[in-house]
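Listed below are the residues making up each chain.
Protein chains: 2
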Amino acid sequence: MITGKNYIGNLLASTGKVKFKTFNPQENKENDVVFSEASEAEIEVAVALASEAFKVFRNISGAKKSEFLNQIANEIEDLGDELIKTYCLESGLPEGRAVGERGRTIFQLRTFANLVKEGSWVEATIDTADPNRQPIPKVDIRKMLIPIGPVVVFGASNFPLAYSTAGGDTASALASGCPVIVKSHPMHAGTGELVASAIINAAEKTGMPNGVFSNLNSSGIEVGMKLVKHPEVKAVGFTGSVGGGRALYDLASKRLEPIPVFAEMGSVNPVIILPEAAKNKGNEWAKTYAGSITMGSGQFCTNPGLILGIKGADLSNFIQKLSEEIVKIEPTCMLHPNIIGAFESKKVNMQKQKGLQTAASFSDEINTNFGRQTITTVEGATFLKNTTLHQEVFGPFSMVVQCENAQQLEEIISNLEGQLTGTVLAEKEELEKYSTIVNALQNRVGRIIFNGVPTGVEVCAAMVHGGPYPASTDSRFTAVGINSIKRWVRPFSFQSWPNEMLPDELKNENPLKISRVIDGMRIDN
Amino acid sequence: MITGKNYIGNLLASTGKVKFKTFNPQENKENDVVFSEASEAEIEVAVALASEAFKVFRNISGAKKSEFLNQIANEIEDLGDELIKTYCLESGLPEGRAVGERGRTIFQLRTFANLVKEGSWVEATIDTADPNRQPIPKVDIRKMLIPIGPVVVFGASNFPLAYSTAGGDTASALASGCPVIVKSHPMHAGTGELVASAIINAAEKTGMPNGVFSNLNSSGIEVGMKLVKHPEVKAVGFTGSVGGGRALYDLASKRLEPIPVFAEMGSVNPVIILPEAAKNKGNEWAKTYAGSITMGSGQFCTNPGLILGIKGADLSNFIQKLSEEIVKIEPTCMLHPNIIGAFESKKVNMQKQKGLQTAASFSDEINTNFGRQTITTVEGATFLKNTTLHQEVFGPFSMVVQCENAQQLEEIISNLEGQLTGTVLAEKEELEKYSTIVNALQNRVGRIIFNGVPTGVEVCAAMVHGGPYPASTDSRFTAVGINSIKRWVRPFSFQSWPNEMLPDELKNENPLKISRVIDGMRIDN
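Protein sequence lines, in the order shown, are assigned to chains A and B. Numbering (our numbering) for the first sequence: 2 to 526. Numbering (our numbering) for the second sequence: 2 to 526.
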């Protein structure tokens, strides 16, 4: 049952005065439950509990953390239909998506459970002593990764499960040994509370310290700002708009003790369609891309919002086919009236820009809150001059830029802001022929794709979901995949420490049988 | 020969109007050479060259980068006596230190040369495709670390070689594939120019692109500020004061595109002397610490500036012995009148603080610019209340805090700012007995030492030189050791990329024979 309260550690509380409801965009009406925004006192208690819990949690074994994470996955499974129904009521997304996203969430939790149970992720590195070294003896130094402290995670509007309460940020932070305080996303506070209850149940069943997790409701920006400014908070994870992510980054960097903010923000995910690909497979790609652009109403951070090609009959044909294909697709419900409102106003603003032409726009009668997919097109020179055209329109929208020639295409790529992904649609030989363009693209993105679509972010070790600013606030990390745990840890050295007092990861006898680097040699067990 | 000019890429230039000289603190007079501060135009050209050079340099093989780094080491060796003499004239440090630091610098360069020649440092990770996976096929994704772009390195006052022009920051950045622009330290501009000439010679001999390295002179903060604000600069390395490092961090975080600043800043490097150690080995530790506190006139970031023990006869004896030992040591020359000026004024300010007592202070007649070593002592309660007492006095100064009991000691440790190191002097059993204190210390530092001194930072894979703010601006990285290369790189994914077009590190056939993780299994070659 959804109470509308906050989880302050293991306790439900609702002492705050600010109340709010979530919204059902399919039916265009408010949902029933009244949520209570976390009060200042509740925030203080949640952070204090997290700080105390950290003292215990940071030393808990990988095996115990693994039990905790797996139990969270079990508890989420046990939420059954209530979770799926609440998710749909609060997001307007279809049941299939809810089930799929729940699967991804559970997979992420179990993946991190396996990672910390196995244990090698701590990068244990041992340099043994050499008492006979000249001119001075060499001391014994042993290093491993340790957690940095309480982490604040901001729920994402577009992933009520996989990038919210128990999503990738929370799973990776808990796996690392950091307590987590979730600033729940107001659009799906009920989904958030259900998942939070699963985490709290799991924490209690597996003996985790009270405060290892809290879930704070919020209707606006106040709760998040207070959390980011709190001296006991040591890092922040965020998925959302450039404006929101940058505001948090700015707050965090102005603190007396600045803290890392990993914000995964906007991206137009440029797609380059090279001449031979446009000629040989233009129709095929047009159909594929009509699907990618409208998938989830375009509400993915990897949505292809920008397609670049070299002017000519083949590109014109591609634009025409894409335009035909995209209006064949039935519009779908967007997440919230605010989201569709922003989509429409940004789209209209784009359409007002000089030189931008609308190639296709769904114009039939549709349901309220459903997103009308739109394809626009512009000349390369116009695009270069007007950076408004470089901005993201979050939703089912894409712009095709018709470049004069390869040189202009390269210039445009070099002038783009940082992006999560870049895609090249090409015949293999074209990768070589247009290598400077491909190189320029590589320098602007976190992931580069050959003959595919950017949507669909595989959860795997080799995934990078991040990229140069403003795709993320720190391109040195990824938000998806097991390496996302690196955001919440720091290296730590023990010098001349007695073997029996070292953490198991660094003991001579390697009781955890993890892979380590000893005196420069990797030793697997 | 030292020209006083800037290296703007491979060319010497001195179009700027601001001129300055370095200072010989041993003889208390200016040195002869006139240096020309980099002009605005020179800064622009250096950054533009670095940006262009990056396009080539970032794709250069590890083997070629290794040649470049080894050649830098060769060229520095070839500078011979002129380098050592210039170093001594500009720093007041003895010849032995100059030779030792040159050795460290060369060792660092060759260590990074070996690292990139071997090649496994890029963390190549491959997740192969699974076309049969349900519900959707799995794509092929391959990840490696790639350089982020031009890096600005600030020379450090206290390490004219090992943490300046071709020091750890430069060596690690060049190894990663990032061009480097050094903002030379004004106190040792001549040493800097000589080392810069070695780098430029090496770059030319090994065919590196012009702009891979520049060396800019500066007499104040202007040149550094311009560099950090420049849109084409992508990261910053700094070693120095908290004030200086924080100012650069603030500049970088306010940019339109914020960039990472790794600043290794102040630290008092707390040392805890536990009761049994004070009782059984107090005299021995007193002698050892007198040496550590005065080593290099206390001008090390790991200088032990704070010693904490539990009040009693044994601690009193330790203080007395430390006081006796420290005044037996002859004072040595400090780096510059400004450094000794800051040392004296901060020391005097400390001595003015209520409750602080001076236990020992060298008072004989000494040479101008030599540092008078000083030991002070204070009660735990007084220390807790007055955070001025927590600040660093850069130089041969240390404060012994006499705590009421173990509880107060733990409280003090928990309230300390972040530190590079923490040391525990103890009998082994005491580590267990005082585990909460040791845990609290671990949470405040980057490296913890058992029965040793914090001075002496081994260059090895297991070293962490960094720590919670203000020890560094980002505790997730180290400034010393091979992992310091991680500061300048970002992970990058290739999705469904044709094998023949992948970088060698990620090709199926593993031509570089590096260690990789493939489908979750580490495969060594």
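Keep in mind that the hints were calculated from the coordinates and are not lab data. Hints may contain errors.
No copy labels: a pair is met if it fits in one copy or bridges any two.
Stated by the list, open to error - DSS-like cross-link-like pairs, simulated, lysine-lysine; straight-line CA separation at most 25 angstroms: (1) Lys-255 <-> Lys-227; (2) Lys-429 <-> Lys-508; (3) Lys-20 <-> Lys-429; (4) Lys-386 <-> Lys-56; (5) Lys-355 <-> Lys-65; (6) Lys-280 <-> Lys-206; (7) Lys-434 <-> Lys-347; (8) Lys-322 <-> Lys-429; (9) Lys-56 <-> Lys-429; (10) Lys-322 <-> Lys-18; (11) Lys-255 <-> Lys-230; (12) Lys-353 <-> Lys-386; (13) Lys-139 <-> Lys-288; (14) Lys-280 <-> Lys-65; (15) Lys-227 <-> Lys-30; (16) Lys-434 <-> Lys-508; (17) Lys-280 <-> Lys-329; (18) Lys-487 <-> Lys-86; (19) Lys-386 <-> Lys-65; (20) Lys-434 <-> Lys-22; (21) Lys-386 <-> Lys-230; (22) Lys-434 <-> Lys-56; (23) Lys-514 <-> Lys-322; (24) Lys-355 <-> Lys-280.
Tested hints:
| no. | hint | in the structure |
| --- | --- | --- |
| 1 | Lys-255 <-> Lys-227 | both (13 angstroms within a copy, 21 angstroms between copies) |
| 2 | Lys-429 <-> Lys-508 | between (50 angstroms within a copy, 16 angstroms between copies) |
| 3 | Lys-20 <-> Lys-429 | neither (57 angstroms within a copy, 56 angstroms between copies) |
| 4 | Lys-386 <-> Lys-56 | between (54 angstroms within a copy, 24 angstroms between copies) |
| 5 | Lys-355 <-> Lys-65 | neither (60 angstroms within a copy, 49 angstroms between copies) |
| 6 | Lys-280 <-> Lys-206 | neither (60 angstroms within a copy, 46 angstroms between copies) |
| 7 | Lys-434 <-> Lys-347 | neither (36 angstroms within a copy, 63 angstroms between copies) |
| 8 | Lys-322 <-> Lys-429 | within (23 angstroms within a copy, 75 angstroms between copies) |
| 9 | Lys-56 <-> Lys-429 | between (54 angstroms within a copy, 22 angstroms between copies) |
| 10 | Lys-322 <-> Lys-18 | neither (54 angstroms within a copy, 62 angstroms between copies) |
| 11 | Lys-255 <-> Lys-230 | both (9 angstroms within a copy, 17 angstroms between copies) |
| 12 | Lys-353 <-> Lys-386 | within (15 angstroms within a copy, 62 angstroms between copies) |
| 13 | Lys-139 <-> Lys-288 | between (64 angstroms within a copy, 21 angstroms between copies) |
| 14 | Lys-280 <-> Lys-65 | neither (56 angstroms within a copy, 40 angstroms between copies) |
| 15 | Lys-227 <-> Lys-30 | neither (30 angstroms within a copy, 54 angstroms between copies) |
| 16 | Lys-434 <-> Lys-508 | between (53 angstroms within a copy, 20 angstroms between copies) |
| 17 | Lys-280 <-> Lys-329 | within (23 angstroms within a copy, 85 angstroms between copies) |
| 18 | Lys-487 <-> Lys-86 | neither (34 angstroms within a copy, 44 angstroms between copies) |
| 19 | Lys-386 <-> Lys-65 | neither (56 angstroms within a copy, 39 angstroms between copies) |
| 20 | Lys-434 <-> Lys-22 | neither (56 angstroms within a copy, 52 angstroms between copies) |
| 21 | Lys-386 <-> Lys-230 | between (38 angstroms within a copy, 23 angstroms between copies) |
| 22 | Lys-434 <-> Lys-56 | between (57 angstroms within a copy, 17 angstroms between copies) |
| 23 | Lys-514 <-> Lys-322 | neither (57 angstroms within a copy, 46 angstroms between copies) |
| 24 | Lys-355 <-> Lys-280 | neither (29 angstroms within a copy, 82 angstroms between copies) |
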